[in-house]
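Asks: Top line first, the protein sequences correspond to chains A and B.
Residue numbers for the first sequence follow the numbering used here, beginning at 1 and rising by one.
Residue numbers for the second sequence follow the numbering used here, beginning at 332 and rising by one.
Do not take every clue at face value.
[Stated by the list, open to error] For lysine to any residue, the following SDA-like pairs were computed, each having C-alpha atoms within a straight-line distance of at most 25 Å:
#1 458/B with 303/A
#2 401/B with 195/A
#3 315/A with 470/B
#4 10/A with 470/B
#5 447/B with 207/A
#6 115/A with 447/B
#7 453/B with 9/A
#8 447/B with 172/A
#9 115/A with 470/B
#10 395/B with 317/A
#11 10/A with 207/A
#12 538/B with 553/B
#13 401/B with 10/A
#14 523/B with 443/B
#15 453/B with 81/A
#16 447/B with 101/A
#17 115/A with 458/B
#18 447/B with 218/A
[Unchecked claim] In silico contact screen, one side only, chain A against chain B (beta carbon under 7 Å); selected entries:
#19 19
#20 184
#21 204
#22 273
#23 274
Hints are computed from structural coordinates only; laboratory data are not their basis.
The beta carbon of each residue, even a glycine, is placed where N, CA and C say it ideally should be.
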Amino acid sequence: MVLILRNMTKSNLIYLGIAALLLFLPMIITGSTKFMITQIFVFAIFAMSYDLLLGYTGIISFGHAMFFGIGAYSTAIFMDHFDSSLIALFIAILVAVLFAALVSFIVGMLTLRLKTHFYAMLTLAFAGLFLVAAEKMRWLTRGNDGFTIKAPEILRDSTTIYIISLISLVLIFFGLRRLTNSPFGRVLVAIRENEHRTESLGYNVLHYKVLVTVISGVVASLAGVLYILSLRFVNTGVFGTDLTIDVLLMTIIGGVGTLVGPIIGAALIELAHDWISGLANVHWIFERWLILYGIVYILMVIFFPLGIVGTIREKFSGRKKSKNNAKQKAS
Amino acid sequence: MAFILETKDLTIRFGGHTAVDKVTVQIPEKKFTSIIGPNGAGKTTFFNLLSGQLSPTEGSIFYKGNEITKKSATERTRLGIGRSFQITNVFPNLTVLENVRLAIQSQANVRYQMLKHFLHYKRFEEKAHNILDQVLLDEKADTLASNLAHGEKRKLEIAMLLALETEVLLLDEPTAGMALEEVPAIMEVIRKIKAEEDRTIVLIEHKMDMIMDLSDEVLVLFHGELIAKGTPEEIVENETVQSAYLGGMYDEQLA
Ligand SMILES: Nc1ncnc2c1ncn2[C@@H]1O[C@H](COP(=O)(O)OP(=O)(O)OP(=O)(O)O)[C@@H](O)[C@H]1O
Ligand SMILES: [Mg+2]
Numbered sequence: 001m002v003l004i005l006r007n008m009t010k011s012n013l014i015y016l017g018i019a020a021l022l023l024f025l026p027m028i029i030t031g032s033t034k035f036m037i038t039q040i041f042v043f044a045i046f047a048m049s050y051d052l053l054l055g056y057t058g059i060i061s062f063g064h065a066m067f068f069g070i071g072a073y074s075t076a077i078f079m080d081h082f083d084s085s086l087i088a089l090f091i092a093i094l095v096a097v098l099f100a101a102l103v104s105f106i107v108g109m110l111t112l113r114l115k116t117h118f119y120a121m122l123t124l125a126f127a128g129l130f131l132v133a134a135e136k137m138r139w140l141t142r143g144n145d146g147f148t149i150k151a152p153e154i155l156r157d158s159t160t161i162y163i164i165s166l167i168s169l170v171l172i173f174f175g176l177r178r179l180t181n182s183p184f185g186r187v188l189v190a191i192r193e194n195e196h197r198t199e200s201l202g203y204n205v206l207h208y209k210v211l212v213t214v215i216s217g218v219v220a221s222l223a224g225v226l227y228i229l230s231l232r233f234v235n236t237g238v239f240g241t242d243l244t245i246d247v248l249l250m251t252i253i254g255g256v257g258t259l260v261g262p263i264i265g266a267a268l269i270e271l272a273h274d275w276i277s278g279l280a281n282v283h284w285i286f287e288r289w290l291i292l293y294g295i296v297y298i299l300m301v302i303f304f305p306l307g308i309v310g311t312i313r314e315k316f317s318g319r320k321k322s323k324n325n326a327k328q329k330a331s
Numbered sequence: 332m333a334f335i336l337e338t339k340d341l342t343i344r345f346g347g348h349t350a351v352d353k354v355t356v357q358i359p360e361k362k363f364t365s366i367i368g369p370n371g372a373g374k375t376t377f378f379n380l381l382s383g384q385l386s387p388t389e390g391s392i393f394y395k396g397n398e399i400t401k402k403s404a405t406e407r408t409r410l411g412i413g414r415s416f417q418i419t420n421v422f423p424n425l426t427v428l429e430n431v432r433l434a435i436q437s438q439a440n441v442r443y444q445m446l447k448h449f450l451h452y453k454r455f456e457e458k459a460h461n462i463l464d465q466v467l468l469d470e471k472a473d474t475l476a477s478n479l480a481h482g483e484k485r486k487l488e489i490a491m492l493l494a495l496e497t498e499v500l501l502l503d504e505p506t507a508g509m510a511l512e513e514v515p516a517i518m519e520v521i522r523k524i525k526a527e528e529d530r531t532i533v534l535i536e537h538k539m540d541m542i543m544d545l546s547d548e549v550l551v552l553f554h555g556e557l558i559a560k561g562t563p564e565e566i567v568e569n570e571t572v573q574s575a576y577l578g579g580m581y582d583e584q585l586a
């Protein structure tokens, strides 16, 4: 017991140490690197929100981009139609969060009663609905072309956005870690492991699933808000299925059900994007992109189904266990 | 005598096969009722209907006088109907301790607490160890449930039911597949609950010595029908039961 607690504070210290280092990074890096790391922070938040569904509760969603997109468009449209004051931004965030909560609640209530694969397909359909709406409602969204927005004065500095994103990441990480380690979080894991048994223990599984979908949707929308603040441009891509595929890969490569994993996965995928588009000078690069993804995905699932963090953790706990056994035998 | 559970014409069909056939029965409160019957008689299916895993094709179920036929498994557990499963049904990738702790957490009604760390609830952990101790499984507390031997999984199954502290305990062959030397400990646990006389136990078993020893009343299912009920002595002497059922596989055990 004491050992677990000590270990946890130790890992907290490590995470906080890394966060502190990242805080001072903008002093020594160039603008484009800073922008890319900001993007990594944003997608790390997005991927963590997905991990809550996939890794902790065992819910597969193919429509997670819709919550990201809701966050992105709410902010962009508000900033566009009102002045670019902090108050407008604050209201925009509020609207983004409430809208994401409402949509995730409705989607959850409508679909979570269904079997896993039906749920996955329906989330895909819902996300498609938002994509089509964003394309058709040109008067509001300006469709596929998108539009640029003016961010509030003090948020136009890339270092400020970097730091805000970093702080959001740290807060959301620790918040979600507490959530997943709470009694509520343990029930989520139980649902992932054996839904029917969780029910017969007296837990109302649907309530848990809807609640976690709402929390996950709200966090994803916050990622969308930060995305828009850093990019200051929005188009229908924020509702795209490739975004959901990205976030799925980030979570799986990093390690499902670990929260740290998706952060690492986000970094790797973003770096890979950057690297591949650096190589791009032919137009069928998108095909290669998907093929590459497909290969990475297949290799991961075959060789590291637990992802990077999951695999490391398992090695580590395996070692600890055999050490304990050795100790027991010795005594 | 008060009845805690009642069924009326309870029936379920799978395709053309009637697994439970118009069973009307009353389970007396705070008594020990056993259900016997040959393999495939519908005993487990009957439990699945009582605990809400399945819904009946026809008929109704009452708990403390209120109809619960339409209630979900979750609701029935919370009302006080707990069960253990014949085919072990646990959380495979969680430790034994966590399996039991989840049951305790539900019993303690800590459901939506998101802000506190689960280790904050030390009493859950102590209680879990306590229950595991009773079923002689505490030394495996940190083992993953999937790594347990068959008999140990059976014990975990019982530990989780005990942790729920429900008024009604539905036990589906709790000792099936256990090593012989492990059975007395589980018997002891069951006997202790019976001795407390404040809970209703319904037991499905094939071991006749256990039935004779523990039961206040025995129900006999055969091809989904309730063909007899009575005290253990009455059942042993009942001619219908003998010809339909005991004449076959159990006469050696009875002799
Ligand atoms: N979900 C189901 N779908 C189809 N048939 C089922 C289902 N559940 C049970 N049955 C059938 O119902 C009958 C009764 O099965 P049940 O498991 O209730 O028997 P049992 O009395 O518990 O037997 P045992 O002593 O072997 O545990 C069997 O013929 C079984 O094949
Ligand atoms: Mg059975």
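Asks: Hint by hint, note whether the structure agrees.
Replies: Structure-based check of each hint:
no.	hint	in the structure
1	458/B with 303/A	40 Å, violated
2	401/B with 195/A	20 Å, holds
3	315/A with 470/B	23 Å, holds
4	10/A with 470/B	28 Å, violated
5	447/B with 207/A	19 Å, holds
6	115/A with 447/B	31 Å, violated
7	453/B with 9/A	18 Å, holds
8	447/B with 172/A	16 Å, holds
9	115/A with 470/B	37 Å, violated
10	395/B with 317/A	49 Å, violated
11	10/A with 207/A	34 Å, violated
12	538/B with 553/B	17 Å, holds
13	401/B with 10/A	50 Å, violated
14	523/B with 443/B	33 Å, violated
15	453/B with 81/A	53 Å, violated
16	447/B with 101/A	23 Å, holds
17	115/A with 458/B	35 Å, violated
18	447/B with 218/A	21 Å, holds
19	19	20 Å, violated
20	184	4 Å, holds
21	204	5 Å, holds
22	273	33 Å, violated
23	274	36 Å, violated
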